[in-house]
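All chains, please: the whole structure from these sequences, using the hints.
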Amino acid sequence: KNIEMANWNMTSTFLSIELPLLLLIFPLRVEMGLKDERKNAG
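Numbering of the sequence shown is given in our numbering, commencing with residue 18 and proceeding in unit increments.
What the hints contain is simulated information worked out from the structure, not anything from laboratory work.
Small disclaimer: the values here were computed from a predicted structure and weren't measured.
We put the beta carbon where it would ideally sit given N, CA and C, even for glycine.
Hints are supplied without guarantee of correctness; some may be wrong.
Stated by the list, open to error - Derived DEER-like restraints, expressed as beta-carbon distance ranges:
(1) Asn-57 / Leu-36: 45 to 55 Å
(2) Ala-23 / Glu-48: 32 to 42 Å
(3) Lys-18 / Ala-58: 54 to 64 Å
(4) Lys-56 / Trp-25: 37 to 47 Å
Stated by the list, open to error - With a straight-line cut-off of 20 Å between C-alpha atoms, the simulated SDA-like cross-links for lysine to any residue are:
(5) Lys-56 / Arg-46
(6) Lys-52 / Leu-40
(7) Lys-52 / Leu-41
(8) Lys-56 / Leu-45
(9) Lys-56 / Pro-44
(10) Lys-52 / Ile-42
(11) Lys-18 / Thr-30
(12) Lys-18 / Ser-29
(13) Lys-18 / Thr-28
Laid out in structure tokens, this is it:
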């Protein structure tokens, strides 16, 4: 039980830090990828 709680705390901390970063970075990456594709296609 204690180990599970520790793991959950680690996970929730990780998510609270990483998830916003991913949500910020991912759309930017997608947009850059789309721009590159448009350049290549055009």
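Evaluation of the provided hints:
no., hint, result
1, Asn-57 / Leu-36: 45 to 55 Å, "31 Å, violated"
2, Ala-23 / Glu-48: 32 to 42 Å, "38 Å, holds"
3, Lys-18 / Ala-58: 54 to 64 Å, "56 Å, holds"
4, Lys-56 / Trp-25: 37 to 47 Å, "45 Å, holds"
5, Lys-56 / Arg-46, "15 Å, holds"
6, Lys-52 / Leu-40, "19 Å, holds"
7, Lys-52 / Leu-41, "17 Å, holds"
8, Lys-56 / Leu-45, "17 Å, holds"
9, Lys-56 / Pro-44, "18 Å, holds"
10, Lys-52 / Ile-42, "15 Å, holds"
11, Lys-18 / Thr-30, "18 Å, holds"
12, Lys-18 / Ser-29, "16 Å, holds"
13, Lys-18 / Thr-28, "15 Å, holds"
The structure does not agree with numbered hint 1 stated previously, though it agrees with all others.
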